[in-house]
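Asker: Here are the chains, one letter per residue:
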Amino acid sequence: MKKDKDLIKQIKAGSADSLEELTNRYYDKIFTYSYRVLGSYHDASDVTQDVFVSMMKALPNYRERNKFSSWLFTIAHNKCMNCIAVRKNHQEIDETIEVLSSGDFTDNYADKEYVKNILGVLPENQKETLILKYYHGFTSKEIGEITNANTSTVKSRLYQGINKLRELIKDGEKFEKK
Amino acid sequence: MVKSLKRNNDIVIGKEIKECLDKYTVNYPMDSDRESVLYILKGYLPVNKRTSVFETMAAVLRLSLREVILSCRFQYLIMMLLLVFLLTMLKLSVSPYLTIFFTSPIPFFIGFRKLFQGNGNLMKELEKTFRFSYYQMLCGRIFSLTYISILLLFVPLGFFVLNKAAYESVSSLKLIVSGITPILVFSVYMLYIESMSRGENIFALSLILWVFFGFAAVSTPIGDIISELNVFVYIVIIVLSVVLFAINIMNVLRLQKKEFI
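Note that the protein sequences, when read in sequence, are chains G and H. In this text, residue positions in the first sequence follow our numbering: the first is 1, and each later residue adds one. In this text, residue positions in the second sequence follow our numbering: the first is 1, and each later residue adds one.
Check the hints yourself; a few may be wrong.
16 Å max Cα-Cα, derived EDC-like pairs, lysine to aspartate or glutamate [unchecked claim]:
#1 G/Lys116 - H/Glu19
#2 G/Lys29 - H/Asp33
#3 G/Lys170 - H/Glu19
#4 H/Lys23 - G/Glu20
#5 G/Lys5 - G/Glu20
#6 G/Lys170 - H/Glu16
Calculated Cβ distances over 12 Å to all of chain G for the following chain H residues [as the list claims (entries may be wrong)]:
#7 Asn27
#8 Lys42
#9 Tyr44
#10 Leu63
#11 Leu70
#12 Met79
#13 Val84
#14 Phe85
#15 Ser93
#16 Lys114
#17 Phe116
#18 Leu151
#19 Val155
#20 Ile225
#21 Ile226
#22 Ile249
Examples of chain G residues lying across from chain H (beta carbon under 7 Å, computed) [as the list claims (entries may be wrong)]:
#23 Thr23
#24 Ser45
#25 Phe68
#26 Met81
#27 Lys112
Note that these hints are calculated values from the structure, not bench results. Note that this is a predicted model, so its numbers are computed, not measured. Cβ coordinates follow ideal geometry from the N, Cα and C atoms, glycine included.
Using the sequences and the hints, build the whole thing.
Answerer: Quick look at the structure:
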């Protein structure tokens, strides 16, 4: 398997095959990240396309200081934040935790919706930090680079996010027992 | 119980939280979405600048040749039919060498008029794309016109060769060289003139001079001199023209190499 930096070199030289390989390597990761942050297939799909187009525009000036994946996720983070800001302006967010108390958590869909909703309760920065940490395996330092925060802030967000999540899970269990 | 542990200076997510987060599966995006993104991204790929100068020249020549054939095919067909008709019906008293000498550059003139005068804006537009330089296009077009003119020369040549009875003493070699010579002289002349004074209407003046020269040759001893010129003289002129043309092509290649450096 070719390294990212080799693929980038070839893309800069005009190789369509390398572009395909690099896109295939990261497309699903960026999509799943965007989906978990935004909670909408349509928005995630748009953001993923935007991320890769921005990548192509920025690639001629890309210098390999950090990991390519961190750089790409930084673009994704910025795009997701923009998307959330636009949503807030249009007051389209109506995230609620009512599903938590609906009681039907039996099938996969309900489980997914349940987690989606409890993650939706967390502040954006805690939710995103948790997603990057858990689903994408980035270290606190890398998350700091992606979200433009220092390592201690990232750790604090993680700690607070996990605590909040634990409380929400407990509350959910209470609802289930009732 | 969920515990957030600090291990190796980094926070580790507890088991129960993991179990919860694992439930948040995401269906992978559709292949059609991925394909459409890839299609868009390919539009942002840089153009491969590593094509050699010879590949570029070959592309220019291919383009020019196709352009000449597509733009002038009807004119060439009519011109050749007319020429054969005139040669057959009128039984010209003019020497075959002189006939070939003055008619062989006509396809070059027709093509030149069509490509450089009629489609001047098209050439400027193509140049604006930065794919090829004006000089490359000029060389390519003149090379293609020369090539086509030499090919068409074989039509009247074939007529004279097939009518051996009427033109018994005619030498095929001399016919060929007396036809090729004016074509090559004109191509080198137009190449130099066009590259020096782009946009000037020198072509019309050159054409008038050539027609005047033709009439003068038929009605004065100049015609006899041309007809009786030694084949060797023609060959020397051909070699000189080829060398001058090659120098021009080399200049184009050298300029292009500098651009690459």
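Asker: Starting from the hint list further up, note which numbers the structure goes against and sort them upward.
Answerer: 4, 7, 8, 9, 25 and 26
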